[in-house]
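Go ahead and model the full structure; you've got the sequences and the hints to work with.
Letter by letter, the chains look like this.
2 protein chains.
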Amino acid sequence: MSQTLAELGEDALIQFIAETFDSNSSIQVGIGDDCAVIQSPSNLHVVTTDAMIEKVHFSRETMSAAQIGRKLVAVNVSDIAAMGARPAYGMLSMCLPEDLSVRWIKELISGVASEAGQYGFSIAGGDLCASPGPVFLNLTLSGTLVASKPILRSTARPGDGLFVTGTLGTSAYGLRLLSSGQHVNDASQSVAKHRVPGAQLENADVLARWEGCHAMMDISDGLAIDANRLAKASSVRLTVNIDALPLHEELEGLPDEEAQELAIYGGEDYELLFSAAGPPPIKATRIGSVEAGAGSVNWVRDGRPYELLNNASYRHFKTNSATQESK
Amino acid sequence: MSQTLAELGEDALIQFIAETFDSNSSIQVGIGDDCAVIQSPSNLHVVTTDAMIEKVHFSRETMSAAQIGRKLVAVNVSDIAAMGARPAYGMLSMCLPEDLSVRWIKELISGVASEAGQYGFSIAGGDLCASPGPVFLNLTLSGTLVASKPILRSTARPGDGLFVTGTLGTSAYGLRLLSSGQHVNDASQSVAKHRVPGAQLENADVLARWEGCHAMMDISDGLAIDANRLAKASSVRLTVNIDALPLHEELEGLPDEEAQELAIYGGEDYELLFSAAGPPPIKATRIGSVEAGAGSVNWVRDGRPYELLNNASYRHFKTNSATQESK
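Protein chains in written order, with the working numbering: chain A, 1 to 327; chain B, 1 to 327.
Treat the hints as calculated values from the structure; they're not laboratory data.
The reader is advised that the hints may include incorrect statements.
To be verified - Which bits of chain A does chain B cover? Going by a derived footprint, with three or more residues having C-beta under 8 Å, they are:
no., region
1, 38-49
2, 121-134
Claimed, not checked - Derived DSSO-like pairs (lysine-lysine); straight-line CA-CA distance at most 27 Å:
no., chain 1, residue 1, chain 2, residue 2
3, A, K106, B, K55
4, B, K232, A, K106
5, B, K106, A, K232
All C-beta atoms, glycine included, are put in the ideal place defined by N, C-alpha and C.
And the structure:
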């Protein structure tokens, strides 16, 4: 039988963590003191935090430990990117059941470290504790701005076009495949995107340096919820053309309306939703436009107004689907 | 019956949170965007993170929601203080069961806000999600240095005296009273300290401005573990005189050795342990001295060497007491 966390003990685990997370020049004091000490390139920074809990955000049956660690990093980097910033350092809390295998935990930590390394940052510190049940993970991520100002969701302007990167509904389709109980083809890009979404850091970087981009956010809870948030924050009326929503080729076998519903309501794509004056300097799809208004979204399909279903997107505390793992 | 979280919904809860946490000048963008945007007075800062989980760190039977919220803040402020810094802003994650009452959650949030306000900072952002079981809380706290340098645990010098603020074993005694199943006297200061420890921010401030203080940390896991950590980090040999350990008057009824064991092994006092050249400019008790060595602690009682019990202090993943709630 493989070694458990209770057998390994806290000190040995902390030693493994300290060896796995590289330090770098911005982390003056890393793991081992009361706090980490950080030297930032500027005194203006952004910060986000995200928790991931077993049986809510992930299942140990459908995702490897490394994938869970990588996803935890990617969803936080996505928030940092969407502000027009780059990640600088992270603080990681892990609350783990005592009977968890050491191999699983080391894979988790290595997954966090490798994904963080891809985005050019490391973990400066954290907290480790016993969980009475599910695995509980929390990452707080700090970042530095690419330009002199952050890109907010509250600054879309009438006359802007509305754009998204990548494809929508892909992660939700991947989750559906995983939840179907059928054998999953590991070559499925939808499944891969659900497991480890990646973050649009390079695209966000270009947009942050381009003055035409007026408002930006990442799509984590699905376009239905997130477009509404952007409209409300900016006090504008958005028109979204459902027929223009970019779909992954793996959704091509689905009836049109079913695929579009995944794109409208599906969460966890972690693509960028942004408003811009003129064509953006990155590959993106124009899905609508920004008009003067008071915080609403006007959905159009086949040239006609389209009524969204109530509560069809994912909401914590008001879930409509027991199988949904999204945030 | 009182309203549950599932009935209230996420949006209404976020609105309550945004109204409860004051913004301040350092928080340029607070709750509501992908990230918070922070303007720091300097580009050097410290950061810590701590999780608190129901049934591991607290029980809803023995602590009110407001006390749990206050304790979450205090244990993080204690880490910030122990670096010679003041808290600047926090990021709060709350993972809550759907059937939790709204009244309890609002009390929790108000507890966080009031304790943070006492220490002069606010919550800049966070994450909210459903928990499949226990309440999970995580606070990441950032702070700014009082002086030009942090005070580390790795810089104790041979010749220093070893000091602690306040009393030791008090929180552990409070936990024992709470765990005894007997009626608890709410006037007990030990119980109050276990529930909401407070942080030694003012004392730490004075020490951070005083050049005589060479090394400092907070005592969270008990003196046995934490003195050992300071000795190892500084590569020195500490001598601790057990008879000098400061005990709260509520422990006076206990046999000497029993009270001293609480002071040695009990966690969660959140007092400061520091090494200093000469008498410190705050009220503190000298409990020992720092000598050249290689990272060990020499315990003395009645003038004779004293062997510590193995594993008598609290360790996550190697617990020796099912009733212990400490970190």
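Problem set entry | Per-stretch coverage check for the region 121-134 of chain A, three Cβ contacts closer than 8 Å to chain B | holds (count 11)
Problem set entry | Stated coverage of the region 38-49 of chain A by chain B [criterion: 3+ residues, CB within 8 Å] | n = 12 at 8 Å, threshold three: holds.
Problem set entry | 27 Å Cα cutoff - pair K232 (chain B), K106 (chain A) | Answer holds: K232 (chain B) to K106 (chain A) is near 25 Å, not above 27 Å.
Problem set entry | Holds or violated: K106 (chain B) to K232 (chain A), with C-alpha atoms at most 27 Å apart | holds (25 Å)
Exercise. Is the hinted pair K106 (chain A) and K55 (chain B) satisfied, with a Cα-Cα distance of at most 27 Å?
Worked result: holds (25 Å)
Checked against the numbered hints above, the structure breaks none of them.
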